[in-house]
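Peer 1: Single-letter residue listing:
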Amino acid sequence: MRAFEATQMYFNRAADHLDLSPNIRTLLLTAKREVQVQVSIERDNGEIATYLGYRVQHDDSRGPMKGGLRYHHDVDLDEVRSLAALMTWKTAVVDLPYGGAKGGISIDPRAHSHRELERVTRKFVDEIHDLIGPDRDIPAPDMGSNAEVMAWITNQYSKYHGFSPACVTGKPVEMHGLPGREEATGRGVGIVTIKLVGRLGRKINQTRVAIQGFGNVGSHAAKFLSEADCKVVAISDVSGAYYRADGINIADALHYSLTNNYSLSGFSGADSISNAELLGLDVEVLIPAALGGVITAENANDIKAGIIIEAANAPVHPHADDILDPKGTIIVPDILVNAGGVTASYFEWVQNRQHYRWGVNRVRQELDRVMSDSFERVWELAAQRKVSLRTAAYILGIGRVGRATILGGSV
Amino acid sequence: MKAAEISNDVLAEIPVFRYLEPDERRQLCDASSIQQFTSGEVVIRQGKRSQNLWVLLRGECQVIRQNSEDDSDELVLATLSPYSTFGEMSFFHEAPHSAGVRAKGNVEILRLKRESYDELIENGATSAYKLALAAVETMADRLRKMDEWVAMLVSGNGRQKHEWSHFRTSLFSEWNL
Numbered sequence: 001m002r003a004f005e006a007t008q009m010y011f012n013r014a015a016d017h018l019d020l021s022p023n024i025r026t027l028l029l030t031a032k033r034e035v036q037v038q039v040s041i042e043r044d045n046g047e048i049a050t051y052l053g054y055r056v057q058h059d060d061s062r063g064p065m066k067g068g069l070r071y072h073h074d075v076d077l078d079e080v081r082s083l084a085a086l087m088t089w090k091t092a093v094v095d096l097p098y099g100g101a102k103g104g105i106s107i108d109p110r111a112h113s114h115r116e117l118e119r120v121t122r123k124f125v126d127e128i129h130d131l132i133g134p135d136r137d138i139p140a141p142d143m144g145s146n147a148e149v150m151a152w153i154t155n156q157y158s159k160y161h162g163f164s165p166a167c168v169t170g171k172p173v174e175m176h177g178l179p180g181r182e183e184a185t186g187r188g189v190g191i192v193t194i195k196l197v198g199r200l201g202r203k204i205n206q207t208r209v210a211i212q213g214f215g216n217v218g219s220h221a222a223k224f225l226s227e228a229d230c231k232v233v234a235i236s237d238v239s240g241a242y243y244r245a246d247g248i249n250i251a252d253a254l255h256y257s258l259t260n261n262y263s264l265s266g267f268s269g270a271d272s273i274s275n276a277e278l279l280g281l282d283v284e285v286l287i288p289a290a291l292g293g294v295i296t297a298e299n300a301n302d303i304k305a306g307i308i309i310e311a312a313n314a315p316v317h318p319h320a321d322d323i324l325d326p327k328g329t330i331i332v333p334d335i336l337v338n339a340g341g342v343t344a345s346y347f348e349w350v351q352n353r354q355h356y357r358w359g360v361n362r363v364r365q366e367l368d369r370v371m372s373d374s375f376e377r378v379w380e381l382a383a384q385r386k387v388s389l390r391t392a393a394y395i396l397g398i399g400r401v402g403r404a405t406i407l408g409g410s411v
Numbered sequence: 412m413k414a415a416e417i418s419n420d421v422l423a424e425i426p427v428f429r430y431l432e433p434d435e436r437r438q439l440c441d442a443s444s445i446q447q448f449t450s451g452e453v454v455i456r457q458g459k460r461s462q463n464l465w466v467l468l469r470g471e472c473q474v475i476r477q478n479s480e481d482d483s484d485e486l487v488l489a490t491l492s493p494y495s496t497f498g499e500m501s502f503f504h505e506a507p508h509s510a511g512v513r514a515k516g517n518v519e520i521l522r523l524k525r526e527s528y529d530e531l532i533e534n535g536a537t538s539a540y541k542l543a544l545a546a547v548e549t550m551a552d553r554l555r556k557m558d559e560w561v562a563m564l565v566s567g568n569g570r571q572k573h574e575w576s577h578f579r580t581s582l583f584s585e586w587n588l
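For the record, the sequence lines run as chains A and B. First residue of the first sequence: 1, per our numbering; consecutive thereafter. First residue of the second sequence: 412, per our numbering; consecutive thereafter.
For reference, chain B alone in the conformation it holds in the complex:
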């Protein structure tokens, strides 16, 4: 399938395109290409650099975090379903990928390269700005969840982990009578 063959109905389903008018979606679609991967193929490799925004169209992908060189020591962080977006962090900020993405079964993914996006910006295409807005909202939401998680670690679980030192501090300083 070519990018031009994607129906308007499908494009309307993609969350990251939610602020776009139908013709703007088509414009972005035309600037992108469809990539196909077979089961187990790596879409994004952790630690490598690339600047693409990906929208999963068909099939599922896994987000994987490896904690060492050893392939067996890996953690599946999430399983992505159709119309999910990924790669946006590296897309907007060039840095090595913090996690990898691998196809789970045969998949089709819409890929927008950063160069293509930059061209749209240069031409003053509103679609590029609206896409960025949606992507920033998604990332802000993720950050908020991260904040909550950190707060929970610090206040609740974190304290439990340091129960013994808290006990020691309490009895040897405040209550050493």
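The following block holds chain A by itself, in its conformation from the complex:
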């Protein structure tokens, strides 16, 4: 099962609660527009290479569409289509005035030079510039793309439409980007975790946390939680997992990783354990912040943590969800947990439209508000209707999109 098939399953569970008919489900799931374009460039060695570029605009009932642009050789229309729908529910759960979209180019960025990637990006913008824009559809970085790619898009788009920094988000801070955007997803993960621990009436300083993944999301979540007085007892990256019973010094680990080519390999501040051992640690909170599908039906029974915070996209397989949820494991779903990124994107877009630069404190303060409010809504809905947090999040998202669709009178 690919990650997006899980999304479809969760959508249908929520739709059952909302008693949506098959025709209404089709209406909500069908993308507004799907575009495939040819992206051809001359490579550095003089060869002509042709890639396929996609943009799927799923729903704009709540506002301009928003979603990442993925550079990966496996990208296809099916994947982009489902991720676009996921963005619709995600922006709705945190109540940003956005719809959902997603795009991608079927290219392996590691097998291409910097100049080649720039040519590909500009060519792609040439093909789709009429379909995107600050009031239509606002791309952002995703797997394989980054702030620099966003800078190229801004530059190319502005050649057609004049100065338009709000046409993409996730730009470099030096080029109309948002201070604090880099940390936003990880920070959002931390905010939700602290809120949940509070809701359960537990003490923050007695909460032990294991975090899988020490990339952009995992490292900032670790930093936020350790600063908030949680005990981060385990972290991991591709080099392996690291455990220290009375808490890892996260500042040390961050410094080590930064000076070690972004790898924890050889980190001496904790004991080496396997990634499987990390998932099975006796901790209060487990945060999978790396890949999708790491908790499956096979290893679900090894999970001892009572709380799972889905920082990655779809780290808990639906079959594992079916095992853990009845056991009382609290799973906070990805569409809420990792929405800090798109929320910061929203702030960046607002900043660009205001032509007024936000400071990092304002970004953090507003992010805290959006993530906290969204968590509270989902928590209350789950308690009232006796459903899991995941189903509650989908019900909230689908409900908001549905009401906007009805009010817009688009049928």
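It is worth saying that the hints were derived from the structure and are not from the lab. Glycine residues also receive a C-beta, built at the ideal position from the N, C-alpha and C atoms. Hints are not guaranteed to be accurate.
Just a sample of chain B residues kept apart from chain A, beta carbon distances all over 10 Å, derived [what the hints assert, rightly or not]:
#1 I417
#2 L422
#3 P433
#4 R437
#5 K459
#6 V474
#7 I475
#8 A489
#9 F503
#10 G516
#11 L564
#12 E574
#13 F578
#14 R579
#15 S581
#16 L582
Quick look at which bits of chain A chain B covers, simulated, 3 or more residues with Cβ under 8 Å [stated by the list, open to error]:
#17 74–81
#18 225–236
On the provided structure of chain A, position chain B as indicated by the hints.
Peer 2: Here is chain B on its own, set in the frame of chain A:
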């Protein structure tokens, strides 16, 4: 052909006569007459009143429902084949015909007038009661089918027709969170 010339074998084939003894069938037959119509001729006109019980003996008839004065806007509800009975609703309950019947080709139809039937009742003829029983069963069967159809409209198709308002009600009342 005269009514008296109808053979007993033919009378035994007529469903609405199913509870009657052969001599009772003959009695009813004697009280009736045979009417002939050519193709396209109207046997029963929608909206008009008449009280006859008809049994189709030869040929086919069409049951037609008109939704407006315009002749072109008509719906063929059914095609009747020999030994079918029609007109029983108006026969037992005087009201304008809800649909019309038209000959499709040349037809012969046995007609029992309500006055003739009333005479049989007055004389205490059992044939009249047995005929009524068979006719009531046919009408009850039709009503049951109608009930099923209405239920289907209300539960299935009917709901689909109001999908949008159901969606609206669900999201703005029950799930307006």
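Peer 1: Decide, hint by hint, whether the structure agrees.
Peer 2: For each hint, the structure was consulted:
Non-interface status of B/I417 relative to chain A is upheld: no Cβ of that chain comes within 10 Å, the nearest being about 56 Å off. Every beta carbon of chain A lies more than 10 Å from that of B/L422, the smallest distance being close to 54 Å; the non-interface claim holds. Residue placement check: B/P433 keeps its beta carbon more than 10 Å from all beta carbons of chain A (closest about 58 Å). No beta-carbon of chain A is positioned within 10 Å of the beta-carbon of B/R437; the least distance is around 60 Å.
Remark: the non-interface label on B/K459 is consistent with the geometry, its nearest Cβ contact in chain A lying 44 Å away (cut-off 10 Å). Distance check on B/V474: its Cβ is at least 35 Å (rounded) from any Cβ of chain A, clearing the 10 Å threshold; non-interface status holds. The claim that B/I475 lies off the interface holds: its Cβ sits roughly 35 Å from the closest Cβ of chain A, which is beyond the 10 Å cut-off. With a least CB separation of 33 Å from chain A, B/A489 remains clear of the 10 Å interface cut-off, as annotated.
Listed as a non-interface residue, B/F503 keeps its Cβ farther than 10 Å from every Cβ of chain A; the least gap is roughly 43 Å. Even its closest Cβ contact with chain A, about 45 Å, leaves B/G516 beyond 10 Å, as expected for a residue assigned away from the interface. Every Cβ of chain A is farther than 10 Å from the Cβ of B/L564; the closest lies at roughly 16 Å, confirming the non-interface assignment. Here B/E574 does not stay apart from chain A, with its beta-carbon only about 5 Å from theirs, under the 10 Å limit.
Under the 10 Å C-beta cut-off, the non-interface status given to B/F578 relative to chain A is violated; the minimum distance is some 5 Å. For B/R579, the shortest C-beta to C-beta distance to chain A comes to about 5 Å, within the 10 Å cut-off, and the non-interface label is violated. The claim that B/S581 is not at the interface with chain A is violated, since a C-beta of that chain comes within 10 Å of its own (minimum 6 Å). Annotated as non-interface, B/L582 brings its C-beta within 10 Å of a C-beta of chain A; the closest such distance is 5 Å.
Chain B is given as covering the stretch 74–81 of chain A, and this is violated because 0 residues of the stretch bring a CB closer than 8 Å to a CB of that chain, at least three being needed. Here the stretch 225–236 of chain A counts 0 residues with a CB under 8 Å from a CB of chain B, which misses the bar of 3, and the coverage is violated.
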